[in-house]
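Protein chains in written order, with my numbering: chain A, 922 to 1143; chain B, -11 to 209.
No lab work stands behind these hints, which were simulated from the structure alone. All of these numbers come straight from a predicted model, not from anything done at the bench. Do not rely on the hints blindly, as some may be mistaken.
Unchecked claim - Here are the simulated lysine-lysine pairs, DSS-like style, with alpha carbons at most 27 Å apart:
hint: 1; chain 1: B; residue 1: LYS(-8); chain 2: A; residue 2: LYS927
hint: 2; chain 1: B; residue 1: LYS104; chain 2: A; residue 2: LYS985
hint: 3; chain 1: A; residue 1: LYS1073; chain 2: B; residue 2: LYS105
hint: 4; chain 1: A; residue 1: LYS1062; chain 2: B; residue 2: LYS52
hint: 5; chain 1: B; residue 1: LYS52; chain 2: A; residue 2: LYS1021
hint: 6; chain 1: B; residue 1: LYS52; chain 2: A; residue 2: LYS1059
hint: 7; chain 1: B; residue 1: LYS104; chain 2: A; residue 2: LYS1040
hint: 8; chain 1: A; residue 1: LYS1073; chain 2: B; residue 2: LYS66
hint: 9; chain 1: A; residue 1: LYS1005; chain 2: B; residue 2: LYS(-8)
hint: 10; chain 1: B; residue 1: LYS(-6); chain 2: B; residue 2: LYS66
hint: 11; chain 1: A; residue 1: LYS1073; chain 2: B; residue 2: LYS72
hint: 12; chain 1: B; residue 1: LYS26; chain 2: A; residue 2: LYS1021
hint: 13; chain 1: B; residue 1: LYS104; chain 2: A; residue 2: LYS1139
hint: 14; chain 1: A; residue 1: LYS999; chain 2: B; residue 2: LYS115
hint: 15; chain 1: B; residue 1: LYS75; chain 2: A; residue 2: LYS1021
hint: 16; chain 1: B; residue 1: LYS66; chain 2: A; residue 2: LYS1021
hint: 17; chain 1: B; residue 1: LYS115; chain 2: A; residue 2: LYS959
hint: 18; chain 1: B; residue 1: LYS75; chain 2: A; residue 2: LYS985
hint: 19; chain 1: A; residue 1: LYS1008; chain 2: B; residue 2: LYS115
hint: 20; chain 1: B; residue 1: LYS105; chain 2: A; residue 2: LYS1138
Stated by the list, open to error - Simulated coverage check for chain B against chain A, where a stretch passes if three residues somewhere in it have a Cβ under 8 Å from a Cβ of chain A:
hint: 21; stretch: 13 to 19
hint: 22; stretch: 70 to 81
hint: 23; stretch: 132 to 138
Don't be surprised by glycine CBs; every beta carbon is placed ideally from N, CA and C.
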Amino acid sequence: MAGKPKLHYSNARGKMESIRWLLAAAGVEFEEQFIEKKEDLEKLRNDGYLLFQQVPMVEIDGMKMVQTRAIASYIAGKYNLYGKDLKERAWIDMYVEGTKDLMDMIMPLPFQPAETKEKNLALIIERATTRYFPVYEKVLKDHGQDYLVGNKLSWADINLLEAILMVEECKPDILSAFPLLQAFKGRTSNIPTIKKFLQPGSQRKPPMDEKTVAIVKKIYGI
Amino acid sequence: MSGKPKLHYINGRGRMESIRWLLAAAGVEFEECFLETKDDLTKLQKDGSLLFQQVPMVEIDGMKMVQSRAIGNYIAAKYNLYGKDLKERALIDMYVEAIIDLNELLMMYTFQPADKKQQHFANLVDKATNRYFPVFEKVLKDHEQDFLVGNQFSRADVQLLESLLMAEECKPDILAKFPLLQSFKARISNIPTIKKFLQPGSQRKPPLQEKDLPKIMKIFH
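Chain B on its own, in the form it takes in the complex (with noise of 0.2 Å):
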């Protein structure tokens, strides 16, 4: 028994990508259980390890974690990237469900049929361009700190820098207008265990491709 996480999801971003990130930004290291049939995930709710018969599903310190936000709650408190307080774990909350907000719209464009697509990318860069990313400039050019929130490294710049990334991937001048968001994405990039996340070889996924579709709807449907 190894005694490290272990994820079990797809071999791709979807909902687990988000914890891959927190796992490798508090340097912890993990392995995964990709599901690649069908039978592999009927196997899984068979065996009961699945409290809701879905995954992400987590192996960690002797539980078997399901929901993606309880999961990620966890592995934040456990290695400090929660804040110091109730206060500012409510900033970081607030920070990280807006990011999951847009990060379902980023995750979903590939999943758009045809003629929805146009639309679909439209009120992505218009969220993305109007709604979020300007809130976050605006908190990194009221404080200056390096960090969003009680200046250190937390869960909501991790998550952030995910999003900016992924956002980047849509449309990759998106940030054309927030430098301050530009040279945080530089600076968390930098912050040695996100470094080597970024690198080739790393367990971070690629963006999902529209013929990896197919499999990964027999999988679920």
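This is chain A alone, in the form it adopts within the complex (with noise of 0.2 Å):
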């Protein structure tokens, strides 16, 4: 037994990306399992794995932990990604569920027909650019720190520089307004953890391509 957490998904970033971001940058090494066609699926159901029936899934410290938020609370939990007290936990709760809220737009996008994506896309720039990054780019403008909440590390900044990177690969330029951001990220990006967890090879997935998009149809029934 490994004892490392085991993560079970499609070989690709959908709703689990958060939990790799989030366990890479806390330094915890962690084994994956893919499910790669439908039969994978059923039989994570059929032995009785899948709480819900529902994938993400993460083998962790002796539990197999289901619903992505709850994954990430723990995790972060675990291992003080989470603020010192009640109230940072307030902040860091309203940050991610910010920066969620964005990405969740951007992930259904390779499983869209052109006209409807290229409207999603443009909404996805508006939204990025006129409702999330002013608030994170204000945040620390107001109290010049390193860090979004309790000037340290926390899960907020690890889902905010996954954020920016996404939006990023939709648009470049993105942050060509928010010079605060422009530095965050750069900063970010330079934790050794995460920095790591950058480089080729590590365990982050490439957005969706057209064979991965087909694999996860298949296995969905989509």
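With the hints as a guide, bring the two chains together.
Laid out in structure tokens, this is it:
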């Protein structure tokens, strides 16, 4: 028995990617078991491994955890990425929910027909630049610190970096009006554990390609 | 200044109802400021009161909290409804997240166009009775305790009761095959703070009706 967390999901970003980021940032080695066909998912279900018949599922500390937010909260709590008290936790939660809403807009793009994709891309860019990024730019400006909450690396910083990079894949110059986010991106990317995760060969997953879209569609029957 | 939490939302369940349930279950009195027109929402947005320009927003302990999960987490932790340690919290989170998924299905039913309603209803009943309820029935069966986690009243119990009642509004006999959920429902409903919340005249909101839809669409679109 390895003792390392074991992630069950497709070989793709999807709902598991934020969990990979968290574990990597915390310097926690993890294993992955990829679902490659419908039978793999059926087997997990029939074995009783999936509490609500869904993935992501992460085997960690004797639990088979499901539900993305539950898993992420547990990891953040365990590895001291969740602030020092209730109020810091509240701010981290608010910021994480914001970046998650933004990333959730990007996730379905590969599955959408061309017209819808184009419209949604425009909406993503609008939301990123008028609703979400200005908030984080202002937070950094107001306290002048390196991290979003409590002058210490937290889940909020990791999630924001993940979101920034994902939006940049949609529009490379998206941070042009946000100098503090640019500096934040540079700084946070240089944290050793995160730097390692950003290098080729890490367990970070690439954006979805057509081949993976087809595989995922087959597994979930969509 | 009253010091009571102040909830900003429409006069309806939506994404604020679970928060009302939690506060009520914890015995916390709260005030509500209802959005009646688009101007009400615009005013809040222009005031800088809404971090991401959205409601729900709850003024609590000097913060203007947004994002329903963040708000729910804060209230649960503050009022000791979040388990005694990280692992109990993990279980509560897993259960609550699943219940939120089910509640989305339940809530979305009213918004379905006529031609999609039947299919949505069938899916809702299937998921409730085959995916979600069996899990909670089994949890209660396996440990034989009154509450879902740690033999102590928690947010998971509050949210499950809310969901069971909402599901029964869609299909009154939906709990027919789940005897332990039926007794759970009765037991939790009898907790004094919850019993009070379930009585007429409380701040609990009724189900959304189709006639309310145009007003809501006007505010948010």
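Outcome of the hint check:
1. Pair hint LYS(-8)(B) plus LYS927(A) does not hold up; C-alpha atoms about 44 Å apart against a cutoff of 27 Å.
2. As the CA atoms of LYS104(B) and LYS985(A) are separated by approximately 35 Å, the hinted pair breaks the 27 Å bound.
3. Annotation: proposed proximity of LYS1073(A) to LYS105(B) is violated, straight-line Cα distance about 49 Å (limit 27 Å).
4. Between LYS1062(A) and LYS52(B) the CA atoms are separated by roughly 19 Å; this keeps the pair inside 27 Å, and the hint holds.
5. Restraint check for LYS52(B) and LYS1021(A): the C-alpha separation of about 19 Å stays at or below 27 Å, so the hint holds.
6. For the given pair, LYS52(B) sits about 16 Å from LYS1059(A) by alpha-carbon distance, which is consistent with the 27 Å threshold.
7. Annotation: proposed proximity of LYS104(B) to LYS1040(A) holds, straight-line Cα distance about 24 Å (limit 27 Å).
8. Taking the CA atoms of LYS1073(A) and LYS66(B), the gap is about 23 Å. The hint holds against a cut of 27 Å.
9. Distance restraint check for LYS1005(A) and LYS(-8)(B): the Cα-Cα separation of roughly 25 Å lies within the 27 Å cut-off, and the hinted pair is therefore satisfied.
10. For the given pair, LYS(-6)(B) sits about 16 Å from LYS66(B) by alpha-carbon distance, which is consistent with the 27 Å threshold.
11. Taking the CA atoms of LYS1073(A) and LYS72(B), the gap is near 25 Å; set against the 27 Å cutoff, the hint holds.
12. Restraint check for LYS26(B) and LYS1021(A): the C-alpha separation of about 26 Å stays at or below 27 Å, so the hint holds.
13. For a cut-off of 27 Å, the pair hint linking LYS104(B) to LYS1139(A) stands: about 24 Å separates their Cα positions.
14. Distance hint between LYS999(A) and LYS115(B) is unfulfilled; the C-alpha atoms sit about 32 Å from each other, more than 27 Å.
15. The hinted pair formed by LYS75(B) and LYS1021(A) meets the criterion: a straight-line CA distance of about 24 Å does not exceed 27 Å.
16. Taken as a hint, the LYS66(B) and LYS1021(A) pair is honoured in the structure, with Cα atoms around 24 Å apart against an allowance of 27 Å.
17. With a C-alpha separation of about 19 Å, the suggested pairing of LYS115(B) with LYS959(A) holds against the 27 Å cut-off.
18. For a cut-off of 27 Å, the pair hint linking LYS75(B) to LYS985(A) stands: about 12 Å separates their Cα positions.
19. The hinted pair formed by LYS1008(A) and LYS115(B) fails the criterion: a straight-line CA distance of about 36 Å is larger than 27 Å.
20. Proposed proximity of LYS105(B) and LYS1138(A) is supported: the alpha carbons are some 25 Å apart, at most 27 Å.
21. Only residues whose C-beta sits within less than 8 Å of a C-beta in chain A count toward coverage, and the stretch 13 to 19 of chain B has 0 of them, not enough to reach three; the restraint is violated.
22. Coverage of the stretch 70 to 81 of chain B by chain A holds. Counting CB-CB distances below 8 Å, 5 residues qualify, and the rule asks for three or more.
23. Only residues whose beta carbon comes within less than 8 Å of a beta carbon in chain A count, and the stretch 132 to 138 of chain B has 0; fewer than three means the coverage is violated.
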